[in-house]
Each structure stands twice: as C-alpha cells, then as structure tokens.
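2 protein chains.
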Amino acid sequence: MCQLLAMNCNTPTDICFSFEGFAQRGGLTDEHNDGWGISFFEESACRSFHDTLPAAKSPIAKLVKDYPIKAFNVIAHIRMATIGAVELKNTQPYIRELWGQQWVYAHNGDLWDYKFTHSSPAQPIGTSDSEAAFCDLLNELRKLNPVEEPELKQIYNCIKAFSENTAKFGTFNLLLSNGKYIFAHCTTDLCYIIRKAPFSEAHLSDKDISINFSEHTTQKDRVAIIATKPLTDNEQWTVFEKGQLLVFENGELLDLD
Amino acid sequence: MCQLLAMNCNTPTDICFSFEGFAQRGGLTDEHNDGWGISFFEESACRSFHDTLPAAKSPIAKLVKDYPIKAFNVIAHIRMATIGAVELKNTQPYIRELWGQQWVYAHNGDLWDYKFTHSSPAQPIGTSDSEAAFCDLLNELRKLNPVEEPELKQIYNCIKAFSENTAKFGTFNLLLSNGKYIFAHCTTDLCYIIRKAPFSEAHLSDKDISINFSEHTTQKDRVAIIATKPLTDNEQWTVFEKGQLLVFENGELLDLD
Numbered sequence: 050m051c052q053l054l055a056m057n058c059n060t061p062t063d064i065c066f067s068f069e070g071f072a073q074r075g076g077l078t079d080e081h082n083d084g085w086g087i088s089f090f091e092e093s094a095c096r097s098f099h100d101t102l103p104a105a106k107s108p109i110a111k112l113v114k115d116y117p118i119k120a121f122n123v124i125a126h127i128r129m130a131t132i133g134a135v136e137l138k139n140t141q142p143y144i145r146e147l148w149g150q151q152w153v154y155a156h157n158g159d160l161w162d163y164k165f166t167h168s169s170p171a172q173p174i175g176t177s178d179s180e181a182a183f184c185d186l187l188n189e190l191r192k193l194n195p196v197e198e199p200e201l202k203q204i205y206n207c208i209k210a211f212s213e214n215t216a217k218f219g220t221f222n223l224l225l226s227n228g229k230y231i232f233a234h235c236t237t238d239l240c241y242i243i244r245k246a247p248f249s250e251a252h253l254s255d256k257d258i259s260i261n262f263s264e265h266t267t268q269k270d271r272v273a274i275i276a277t278k279p280l281t282d283n284e285q286w287t288v289f290e291k292g293q294l295l296v297f298e299n300g301e302l303l304d305l306d
Numbered sequence: 050m051c052q053l054l055a056m057n058c059n060t061p062t063d064i065c066f067s068f069e070g071f072a073q074r075g076g077l078t079d080e081h082n083d084g085w086g087i088s089f090f091e092e093s094a095c096r097s098f099h100d101t102l103p104a105a106k107s108p109i110a111k112l113v114k115d116y117p118i119k120a121f122n123v124i125a126h127i128r129m130a131t132i133g134a135v136e137l138k139n140t141q142p143y144i145r146e147l148w149g150q151q152w153v154y155a156h157n158g159d160l161w162d163y164k165f166t167h168s169s170p171a172q173p174i175g176t177s178d179s180e181a182a183f184c185d186l187l188n189e190l191r192k193l194n195p196v197e198e199p200e201l202k203q204i205y206n207c208i209k210a211f212s213e214n215t216a217k218f219g220t221f222n223l224l225l226s227n228g229k230y231i232f233a234h235c236t237t238d239l240c241y242i243i244r245k246a247p248f249s250e251a252h253l254s255d256k257d258i259s260i261n262f263s264e265h266t267t268q269k270d271r272v273a274i275i276a277t278k279p280l281t282d283n284e285q286w287t288v289f290e291k292g293q294l295l296v297f298e299n300g301e302l303l304d305l306d
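If you read the protein sequences in the order shown, they are chains A and B.
Take the first sequence: its letter number 149 is residue 198 in this note's numbering, and every next letter is one higher.
Take the second sequence: its letter number 188 is residue 237 in this note's numbering, and every next letter is one higher.
Honestly, the hints are just simulated from the structure, not real lab data.
The beta-carbon is built from N, C-alpha and C at its ideal position, and this holds for glycine as well.
Do not take every clue at face value.
Simulated restraints, written as ranges between beta carbons of each label pair [claimed, not checked]: (1) B:Cys65 x A:Asn214: 45 to 51 Å; (2) A:Asn214 x B:Asn261: 57 to 63 Å; (3) B:Thr131 x A:Glu298: 30 to 36 Å; (4) A:Glu298 x B:Glu264: 53 to 59 Å.
Input sequences plus hints: build the corresponding full structure.
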C-alpha cells in the first residue's frame, strides 16, 4: 500500500508545507520506505522527481522540500511495495503524453490478478499493477478521441467507468491530472480540504510545524489538497465516500454528476 | 542553439565529472542560459531533472552535480533559446514511452519551418521545433512495429532516413536513447571519446578540475561520452563526420552500415 498527495490551485502555489509532513510518512511517522515521487505542473508542462530511497532520507526529497517550485497541480506518492520490486521503474507517479498533454497518475492499493488488456499505444515499462492500470486507462481515454481532448464530461464518464471496473480487482484509490484538473477516485482512503480566504494557521500532523497561510496568500487564492489521510490536525478535512470520483479545477470542486 | 551531452556504459557510472564541466557552459563559460535538463537510465527506468534557470545557477543542477546517480545511459541538454519561449515545456530532454521503453531525446540546432506531420499518437506538448521532430520520429519508429521493439537494424535505418530528411530544415544534431543504445546524429557539431583500460587522468576544459579514472574504475569498464564540444583538454576526442549516425551500446561503437 502507499500514500497519495495532490494539490490543485487557481494560482501557482508551492507545496513545501504539505510535502514536509507527507515525506515524514516515508520512513519516519509511517512505514512507506520503498521510494517516492512527485510531479509538478507549471502551465502545461510537468516535471517530476523520483527516488527509490525513503522520502524521509532522500537528498532529492530534501531538494523538493527546500526549493519552492510553484505549480497549479501537483501529485505525489510514497510507496510501500507489495506488487513489483523496489526499483525506479516501479516508482510513481507515472507520466504519459496524451492529446499533447502530460498525464500524471498515482495509485494506492493492490489490484490482485490485474492484467494489462490493451496492446498499445500506452504500454507499461515496469511490473506494477498500478502502471498496467494506468496504461489501460490512457488507452481507454484515447478511444474517446485519438487526437484532441474531448469534453470534460466524456473524460469523467470514462474514468468513472474504468475506476468502477478496476476496483473489482482490489483497491483503486487514484489521483490523475493533465495539468488542468485533478481527478480523484476513492475505494478506501482519500480526503480533501479547500483552503480559501479567510486563511488561518495550519499545524502538521506528522511534524511539529505550523504555517499561517494568511501571510502567504491573497484574498482570491484557492488551494485544494487531497491526501490519503489528513496532513494537518487543526483543520476540517472532508472524507471521500467509497466509490466517489471527484474533479478539482482552480482549487474548486466541480459538479459533473 | 544548444549543447548536448550523453554517456553510454557497460557498468552503472556517474556523470558528475562530465556534468560539472558541461554545466559551466550554462551561463559561465558559454551563453546557454535558457534552461537545461538531464535524463538518467537506471536499467529500463529513466528519471529526469529539468530547470528553466541557467545550469550554472540552478539548485537542481547542484543536486545533480553532488548526488552521484549511477546510470547506463545519460542524455543532457543546455539551451540557448531560438525557436520556442524559455518555458519548462520547451526544456529538453523530451521523454516518451514506446514499446514499453522510455525514449529520451535531445536536439541541437534550428529546424526552420519544420511542421509536425503526424497527428498522433505522439504529439508535442510545447512549441519547439525540436519536440515536433521528436514526435514525428517516434511515430515513424512506431510504424515499424506498433507493439514490440523491432530489429536494431530497422530502428537504425528509420532514424537515419528521418535524420537525413529533417536535416533539410536546418541543423539536426541528435541524441536519442531507449536505455540500451545511444543514437547520435551529427549535422554540424558532435564528438565522442571511449574511455577504457588503461584509464588515466582527465582535465576539464571548462573548470580547473581533474579526475584520475583509474581510481574509480575496473579493468572491464567501458564508458562512451558524446558531446557537442570536447569536455576535456588532455584527451583525444573523435569528431563526427557531417551526416554521420553512430550507435553506442555498452560503451562500444556498433557497426551497422
């Protein structure tokens, strides 16, 4: 099993505070020792950092904590390996291009006996159940339109049907982004918080650090944070319902049902 | 215009020494100020680092210089922007998956009036001539076999024909790797060196640093370095012929003609 973290905002925001707490779970406050990764969307481009060392000890994780990269969308993952060896090729998030956009994916849960069903164009590089499901999902999305991004509602319906089917193999807690939206599907554990004015102080659950967001924001800023478990202990997080697929854009929850 | 660097070895090797000199050209000893990137293949997996800051000043470049990642294949690029703004989406190397392998690409030169000719599956994310050519090349390679890696000779012939055609638009100095081979095509500026036993001391051209490779290697190690211009001033580099496409595997030059 693993832990997931995502951020979706209406203004470029750094994730240093949330990642500081999240990275503690990679070997200090929790047992997710088997590598980690993070992807940052800056406009339509995306850059990622991966390491097979525990997040709490990785020099690359230290860089990410110390170097404030401002992004509209971020997806991070820390791993406790179950299916697939501890190797870079099995280290999430996974990234593929579709419709001239980067698509970034992270998955928490085991998909027992999951088999990759498409032959191409997206194919797994590693040996994890998670990446096989990602490639199948991308190939399903591509069927909607092989060249251009279709309507959001079509994308939503495709991800919803895929998630419901894939959850039959086990646990499918999913984070997916194309740099504009965050799609988040919950089988067992996901929660979110939307921070907006009036901003207040937040205190990490995993490390004794607080931040007063009112000192770092403007009145119009909106920031949604999605995580496996709440990252702060003095804010109200909303727990996903089982089987729910939520879509965030510009730090807001969209209504697509 | 830009500068290119690649490494291809028969044993996992760090590129810290070569990258130390190369990064100086990103704002100190040369004028390549418009971002940089590097991709490391560790077995079949690949991880990359990109920044829009000059390589000589980037905190991420400092990490890469200080954190010895051992890899079989590495491709790096420093940019002086001509076509496409200084943005992350135009920062090389570019990466795409094909046949369940990561393909990493870096290009030096301008391709005036180059138009992306395929519609999919590989599509450009940014606005550079370089990425448009990369996507076209991948789509050509995919035509050889949509699912599985074909014979090396077929891949070589495809890249050779594509490079010759693309060079009609301008300068097409190319580095390409799937984690096993480095393909290097020269229109104007590329050179290489193969280091093997007996190893000796090398001194950087761009910074007063030397290394005695005999202290860091075994008798069987072979390391090929390919670069726009020689990185050391006391070794014999071989200059590519114009129009030449060379392929390196396990630190050796293959004969495919």
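Cross-check of the supplied hints:
1. B:Cys65 x A:Asn214: 45 to 51 Å: Given range 45 to 51 Å: holds, Cβ gap about 47 Å.
2. A:Asn214 x B:Asn261: 57 to 63 Å: Given about 59 Å between the Cβ atoms, the range holds.
3. B:Thr131 x A:Glu298: 30 to 36 Å: For Glu298 of chain A against Thr131 of chain B, whose Cβ atoms are near 35 Å apart, the range 30 to 36 Å holds.
4. A:Glu298 x B:Glu264: 53 to 59 Å: The hinted range 53 to 59 Å holds for Glu298 of chain A and Glu264 of chain B, with Cβ atoms some 55 Å apart.
Hint check: no violations occur; every hint is consistent with the structure.
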